[in-house]
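Knowing the structure of chain S, use the given hints to seat chain F with the ligands on it.
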Amino acid sequence: MKIRIGLGSCGIAAGALKVKESVEAEIQKRGLDIEVKDTGCIGMCHAEPLLDVIDDQERVFTYGYVTPEVVLKIFDEHITGQSPVEQYLLAAPEKDYCFMAGQKRVALRNCGVINPENLQDYIEHEGYQALKRVVTEMTPEEVISEIKESGLRGRGGAGFPTWFKWDAARKTPGDIKYIICNADEGDPGAFMDRSLLEGDPHSVLEGMAIAGYAVGAKEGFIYCRAEYPLAIKRAEMAIKQAEERGILGKNIFGSGFDFEISIKQGAGAFVCGEETALIASLEGERGMPRLKPPFPAQSGYWGKPTNINNVETYANVPWILANGGKAFSAMGTEKSPGTKVFALAGKIKRGGLVEVPMGLSLREVIFNIGGGIKGDKQFKAVQLGGPSGGCIPEELLDTPVDYDSINQTGAIMGSGGMVVMDETTCMVDVARFFLEFTQSESCGKCVQCRIGTKRMLEILERICNGEGQEGDTELLQEIALKVKEGSLCGLGQSAPNPVLTTIRYFRDEYEAHIKDKKCPAKQCKSLITFRIDPEKCRGCGTCASKCPAKCITGEKKKPHVINQELCLKCGSCFEACPSKYQAVTVE
Amino acid sequence: MSCTCQCNKQQENDIKKDASSWQSLQELLEQYRGKKGSLVAILQGVQAIYGYLPQQVMDYIASTMKIKPAKIYGVATFYTQFRLQPVGKYHILLCQGTACHVNGSERILTAICEELNIKPNETTSDRLFTLDCVACLGCCSLAPVMMINEQAYGPLTPDKALKIIRDLAASEQQACEGGK
Ligand SMILES: Cc1cc2nc3c(=O)[nH]c(=O)nc-3n(C[C@H](O)[C@H](O)[C@H](O)COP(=O)(O)O)c2cc1C
Ligand code: SF4
Ligand code: SF4
Ligand code: SF4
Ligand code: FES
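So the sequence lines, in the order shown, correspond to chains S and F.
According to our numbering, the first sequence is numbered sequentially starting from 1.
According to our numbering, the second sequence is numbered sequentially starting from 1001.
Chain F with its partners taken away, still in its complex shape:
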């Protein structure tokens, strides 16, 4: 079945605008083309390139890899790792596992939400921070714990957590001013 409206072409052109990502995407798809059962790995690859799963890229994969869009969307929404929205520069994973829960992780959550003025699963308007709650980062003896871009911090108190976040924000501010 082919469609005549040229939407595919348009879509392809849109993604091509970002040339280096386009290049990586092509390499990724080549690696998995013809290999059955690679959808999860492909989507993980896409997320590594774009930081999330852009709608257009999912549609493009559907048409070029001959996978039903509904299937891609189904897999993308089943797993919590996949994001349909872009993440901020600093991705905060706040642990809400058992050990962290009994050690007061909820207070850390409250404090971070108040500080950044966002809810879990949201990104600050300056795109600096995204907050996600996860279940256990495997550092339970340091509970409560959070991980920011693969670096774990613990044991936290609301104050400590805020200091870490404020420091990151301040370093951004500086880098920004230095750039000017």
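Next comes chain S alone, as it looks inside the complex:
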């Protein structure tokens, strides 16, 4: 019997380390012979901490929302008593968890299954088999043609065919070439790459080494954002273990092929996710994009041919070489083969990491896998592609998730962030939020991007503040066009997307802000007022104790009042007022 505990960042934040402690204590106390195994994020982040009980027939029982008390129960009833604790059981041999139904795990094949800190475990799950075959039996051309056959497209956002980049880097003459893994994951609402590096770092290393062989590179870098300390630690550990085993380094599998990998930490700039900026940053400079061509495949790191791919792209590579390009292209759609990992977050019931075949509809992902909206509120929009993407409304929920269909909606597939929004999310505020982000992250090289985003942000702030003017939406659209036209890199070119899609699909919300000075979602602070209904208020004082501004006063058992001048419009009182009274109103 084994117990497996999910120790990704999300699990740890939810208290998985305490769970592990109590599991170990119980085993010791009861003198049991049970192996405890760490693993990465299995994707059910909403139910963290997660714990698997694996019995002697290798049957897996997954428990969610585990606390030290639940651990006790599991030991008493399941491990000693042989009957699973139904209350916390998410999945079991005869009980499928709907979150996993419809998923197909390729890039995430090992996440939540193996111990990411144990190379042996990866090897036992067919790890490094593909690399071995590649370097001992295949030519670089054969590798590239297998990738071509698979139809794999870059998972970092733009969806560029991977084989094409590899081929270009291969064909550029030069002795020294480089492989870069883009783990900058700048989209504020996405965590696929973090989970992959935390949960299965070796598959990324293996993919990079295969790319190195195909391209003719001996050195690779992982550029990882510094906000991911655990991912960096696990990747470093994996590199060290692979080197010690002789799987990375000189003369890999006796083939004569050398490949080394090191990690460079990003320093917190979204624009450094753009490939030319990333390279500038690796060279120790300010991370500013430059004009392409030349593409990195022609002239990249220190002017040498460089292949740069996203984490998830590399994680798919060993699977493709092990199972064949055909098996990969058999999944998904014709133009977007394979699977895609999404980070499902926002106002969703079951958030987490999901991997689905391309072509599944947004509705299936959000409602079948994600379980719909938190608190059974009304769905409003789903945001794809982060600051470069857009908001897709309810009427387009049947759009299949593939690169081309998503592009048609005005959003982009992006790297896989999928943030769900409900009736309480203000779409003008969302547009303002993203513009604030891109405006502050613009590197400042292009006038249109630097100043255009600033002007757009000012207009959006004005609208949210109730100072919107007739013609503001048209003005936004006009500037948006100029920013798109006059920007050098993807940041500026796509910065207007969140604004344009929200105007396109939620124009009525803009009008309500501008004409009626009302925020339909009741989010924009300048446009709402919190009041206490004296008829309903019982003077219980709960709201006053929760108010951060201490601006609610009143005698016990008498109606309370809010001092509007001091009110921060935080909404705490609204939430605090017991549901049997519902005395706080917002309008």
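To be clear, the hints were calculated from the coordinates, so they are not data collected in a lab.
The model shown is predicted, which means the values in this text are computed figures rather than measured ones.
Quick reminder that beta carbons are idealized off the backbone N, C-alpha and C, glycines included.
Errors might be hidden in some of the hints.
Claimed, not checked - List time: in silico EDC-like cross-link candidates among lysine to aspartate or glutamate, alpha-carbon distance up to 20 Å:
no. : chain 1 : residue 1 : chain 2 : residue 2
1   : S       : Lys264    : F       : Glu1027
2   : F       : Lys1036   : S       : Glu260
3   : S       : Lys525    : S       : Glu478
4   : S       : Lys233    : F       : Glu1172
5   : S       : Lys326    : S       : Glu137
6   : F       : Lys1036   : S       : Glu467
7   : S       : Lys517    : S       : Asp472
To be verified - Facing chain S, from chain F, some residues (calculated, C-beta under 8 Å):
no. : residue
8   : Ala1111
9   : Cys1133
10  : Leu1137
11  : Ala1170
12  : Ser1171
13  : Gln1174
14  : Ala1175
Showing chain F with the ligands alone in chain S's frame:
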């Protein structure tokens, strides 16, 4: 070009006062001396030693590593990770990413600012807490999230966030009194 005012010497003496940091700094610079393109890594190293980028250290690096001070300053100000001011003992990274934003991270921000009486990017006067807003800590399914010295907390409510901070402050208080 050499200057005669001895300012370099003075500067070096100032940094040397903290001997163990000086030692680490020397080791760091040795590691990267002569390696092109290491500026970002050097500054990350300096920040790991001092907790921020002291002006004098940047100037010292400029003179000993033969890098223009303007270039160092340019890189240091380009990246949000680099700080030109010291951080408090507890570094609060409050997520303002998309998932946290739609789940009400702004209310957490308001509550923390009121509690500590500081704005984002500032440090409390007792140097205990520094508050920074960041975009996505990668724990979006626990939104809203904050990270304090590499430990993530979520999902937060204003109350929960304040409790975590008050607990930390209280443990400091205790440690302090115990010390006396
Ligand atoms: C502003 C900006 C930010 C980007 N951020 C990322 C990122 O965080 N991760 C990533 O893999 N690609 C990012 N990209 C895309 C990269 O430039 C590049 O296309 C990608 O890493 C190529 O890998 P792929 O072909 O495997 O997708 C970004 C692009 C732009 C314009
Ligand atoms: S578009 Fe914006 S981020 Fe990109 S290079 Fe120009 S100014 Fe910099
Ligand atoms: S909205 Fe916030 S600040 Fe205003 S009265 Fe309610 S709790 Fe106090
Ligand atoms: S919580 Fe509600 S009932 Fe209680 S004092 Fe406040 S407004 Fe009145
Ligand atoms: S948006 Fe806050 S952790 Fe991702």
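Quiz prompt | Numbers of the earlier hints that this structure fails to satisfy, in rising order | solution = Checked against the structure, the hints that fail are numbers 3, 4, 6, 9, 11, 12, 13, 14, while the rest are satisfied.
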